[in-house]
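2 protein chains.
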Amino acid sequence: MGLTLDMGNLKGFVKDADLAALQPRLQKAHQDLTDKTGLGNDYLGWTRLPSSIPDTLLDELTALGKTVRAHSDCLVTIGIGGSYLGIRASLEFLRGAGGFPVYYAGHNMSADYHAELLQTLQKKNVTLAVISKSGTTTEPALAFRILKEFMAKKYSGAELQKRIICVTDGKKGALRQIAAQNGYQTYVIPDDVGGRFSVLTPVGLVPLAAAGVDVHALVRGARQAEQDYAVADIAANPCYQYAGCRRLLYQQGKKIEVLASFYDNMVSVNEWWKQLFGESEGKNGQGIFPASLIFSTDLHSMGQLLQDGERNIFETFVSIARVGSALQIPFDAQDLDKFNIVAGKDLDYVNKQGQIATAAAHAEGGVPNMTITLGRSDAEHLGRLYYFFERAVGISGYLSGVNPFDQPGVEAYKKKMFALLGKR
Amino acid sequence: MGLTLDMGNLKGFVKDADLAALQPRLQKAHQDLTDKTGLGNDYLGWTRLPSSIPDTLLDELTALGKTVRAHSDCLVTIGIGGSYLGIRASLEFLRGAGGFPVYYAGHNMSADYHAELLQTLQKKNVTLAVISKSGTTTEPALAFRILKEFMAKKYSGAELQKRIICVTDGKKGALRQIAAQNGYQTYVIPDDVGGRFSVLTPVGLVPLAAAGVDVHALVRGARQAEQDYAVADIAANPCYQYAGCRRLLYQQGKKIEVLASFYDNMVSVNEWWKQLFGESEGKNGQGIFPASLIFSTDLHSMGQLLQDGERNIFETFVSIARVGSALQIPFDAQDLDKFNIVAGKDLDYVNKQGQIATAAAHAEGGVPNMTITLGRSDAEHLGRLYYFFERAVGISGYLSGVNPFDQPGVEAYKKKMFALLGKR
Chain L
1 MGLTLDMGNL KGFVKDADLA ALQPRLQKAH QDLTDKTGLG NDYLGWTRLP
51 SSIPDTLLDE LTALGKTVRA HSDCLVTIGI GGSYLGIRAS LEFLRGAGGF
101 PVYYAGHNMS ADYHAELLQT LQKKNVTLAV ISKSGTTTEP ALAFRILKEF
151 MAKKYSGAEL QKRIICVTDG KKGALRQIAA QNGYQTYVIP DDVGGRFSVL
201 TPVGLVPLAA AGVDVHALVR GARQAEQDYA VADIAANPCY QYAGCRRLLY
251 QQGKKIEVLA SFYDNMVSVN EWWKQLFGES EGKNGQGIFP ASLIFSTDLH
301 SMGQLLQDGE RNIFETFVSI ARVGSALQIP FDAQDLDKFN IVAGKDLDYV
351 NKQGQIATAA AHAEGGVPNM TITLGRSDAE HLGRLYYFFE RAVGISGYLS
401 GVNPFDQPGV EAYKKKMFAL LGKR
Chain R
1 MGLTLDMGNL KGFVKDADLA ALQPRLQKAH QDLTDKTGLG NDYLGWTRLP
51 SSIPDTLLDE LTALGKTVRA HSDCLVTIGI GGSYLGIRAS LEFLRGAGGF
101 PVYYAGHNMS ADYHAELLQT LQKKNVTLAV ISKSGTTTEP ALAFRILKEF
151 MAKKYSGAEL QKRIICVTDG KKGALRQIAA QNGYQTYVIP DDVGGRFSVL
201 TPVGLVPLAA AGVDVHALVR GARQAEQDYA VADIAANPCY QYAGCRRLLY
251 QQGKKIEVLA SFYDNMVSVN EWWKQLFGES EGKNGQGIFP ASLIFSTDLH
301 SMGQLLQDGE RNIFETFVSI ARVGSALQIP FDAQDLDKFN IVAGKDLDYV
351 NKQGQIATAA AHAEGGVPNM TITLGRSDAE HLGRLYYFFE RAVGISGYLS
401 GVNPFDQPGV EAYKKKMFAL LGKR
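As you go down the protein sequences, you meet chains L and R in turn.
Residue 205 in the numbering used here sits at position 205 of the first sequence, and the numbers go up by one each step.
Residue 386 in the numbering used here sits at position 386 of the second sequence, and the numbers go up by one each step.
Hints should not be assumed to be uniformly reliable.
Repeated chains share a single entry, so a pair holds when one copy, or any two copies, can fit it.
[Claimed, not checked] As a list, the in silico EDC-like pairs of lysine to aspartate or glutamate whose alpha-carbon atoms are at most 20 angstroms apart:
no.: 1; residue 1: Lys162; residue 2: Asp214
no.: 2; residue 1: Lys148; residue 2: Asp112
no.: 3; residue 1: Lys153; residue 2: Glu116
no.: 4; residue 1: Lys338; residue 2: Asp169
no.: 5; residue 1: Lys352; residue 2: Glu411
no.: 6; residue 1: Lys345; residue 2: Asp332
no.: 7; residue 1: Lys352; residue 2: Asp264
no.: 8; residue 1: Lys28; residue 2: Asp6
no.: 9; residue 1: Lys154; residue 2: Asp42
no.: 10; residue 1: Lys352; residue 2: Glu364
no.: 11; residue 1: Lys66; residue 2: Asp214
no.: 12; residue 1: Lys124; residue 2: Glu364
no.: 13; residue 1: Lys36; residue 2: Asp406
no.: 14; residue 1: Lys154; residue 2: Asp332
no.: 15; residue 1: Lys11; residue 2: Asp335
Derived by calculation from the structure, the hints in this document are not laboratory data.
Here chain L stands alone, though its shape is the one from the complex (with noise of 0.2 angstroms):
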């Protein structure tokens, strides 16, 4: 089990004594962090999070998933932002885990998209998560209000009331009073995780051992992580040297971070860290834009731009040690597209092989990156990979100034629709 951080394609932009450089601001902004006495300290639950969850709770979550497979053929979670991407991360992350079905919902406004799930769900025996702190936002507020009526008319009194589990507010806000007022089983947001770190807390741990998920083996990973980033020294700690990189890289005029890989199963997890590292650190005209990548497929759309575009980019690379499956490249008596050269080797051999090439291709050609390459594709590496890109956001956010805690632009939009739908 391992993490590891390669910046060998980093020679010619990051110097090591600009990062050694960076140790006293990098040490001021690991105690804020540990000390909370930075920006945003509120919110700094996710910090000992791992550490804090209760094996007993993961026990009973354990327990929760097997009743509610046993009485249902899916499982819908409802909910946006930081209560969809994790889960939906991680279950694609684990190629569905278990192989028991689950559905989005409330995480857009499609009627399209609504309508159908609702068709699909007709002749299956549903449970509902509904995972939002206040209840009030919009899109699965409205998704909520769809589906507990397509429940009531399928199922009625205990029935309905074991197949919809809330988690939310431990106190207050409508869906807290919604689920008292029905007698829907409950699950509590920490105060002081914020959504988009929220994917160790009941967010993601309730959806996700509902679908069969170890979520023992996640924490775990997730408690190593806890443990080997908290070192302060930069020369010892991947996961501030990633934070630092990023910092200088920004200030060389690298506005645009790819994080790419050559693991199709990223893909939701990119568009998790997107969250992450976008809405921590676009704020006060500043930012790095991140993007996302799977490649190879992605070269072949996005390739040309990297290696011959705008020099304002930088990757970083997620890869696989050891992938799941084997699968041999056959061998073909005729040869005529010349491949029996990698005949009898493993296609994941030669997705290493365009790996190592297309880093080397695209730092020459101007885009510096990095390279975080996981033991295996399993829970535990998965822990561990959302805690080192939490702790880095952290870290990198204070390193720029910015409070990576909040998000205070996300109102505006909401300000402007809510006028338009003449709700006050």
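Go by the hints and put chain R onto chain L.
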């Protein structure tokens, strides 16, 4: 049927006079496209492609589709880049067309992905569409080896032959040879149409017809666009207005274009667009970075940065005037979420208010934006949109002085990869 462009939210960024002042250069770009006197003029087949597709070919492909669907449970398409994105974009935009399952292969080199795919196909009757001009592009070539072996275990003789369709070069190349030696059915990729412009050639049309998409309607929409956007006068041509505005915004330091949509079926159309624009313009150290966001999902991740981050972004929204499904928001006697204000309204009504609010909020926050509105989410409008963007990138590329029809940069990683693999 229609497509409109709203430039109201460019106010303060693009003046009418600036756009009008582009007319002479635009006129030149227009003539170069029309007379084939500009850079990359060997690859202008797409300009008159819609009007030059014989209806008899569309009839033939429609009949082919019926045959395929009669003897198969699913279609597997093998391809990458332009031989993948347009197919997936179309099927997802049309929400799966008739519901015939289509799987993708050879668009990445993930062993896990392809091993799972083989598992899925084990008990199904399969037709394979292999799409590659040369037959030697690594990803599809390796996937074809793997799937050819799979198919040969399942079928033989005429049964095997009828289940493998090759879309490839008319005369040369490995895939052309493989098809000839094994008696597979073939369709021809024209020489004068590059991969990213190929969705309306057999590259897109064969698999789409096989999956049950109305290819007549798709081409009809593109034909209308070919006619509508052939007007040299920027004042009368929304396609050229889009191209012109992009250029003016880029010159103001707007280095990132976000193609945004409140319609979730745009996900893969956006990916197709990223290739079209990124690969056409990202060269010679310049080019707008194309990024995709699907709202309101991504408002809850990237909304903060869009509102308050670096002011180096502009947005283009794609909206749909009339969606397919009606979905009423239920009334709730308790109204704890306070959304009875929209009870009885359609979900799409709220979605559209969200879009209007977002576009206005972003413009006020320093992110100028345009909105393209399609009448409906059908094949005809999609064909129109494809041609709109193709024509726009041709003009936009010529305005920026690059050859929009080559992609020399994509060779860099391949050379290094072949060296690592020992391939010549």
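Requested in this report: Against the earlier hints, flag every one the structure doesn't satisfy and list their numbers going up.
Outcome: The structure conflicts with hints 1, 8, 9, 12, 15, although it agrees with all the remaining ones.
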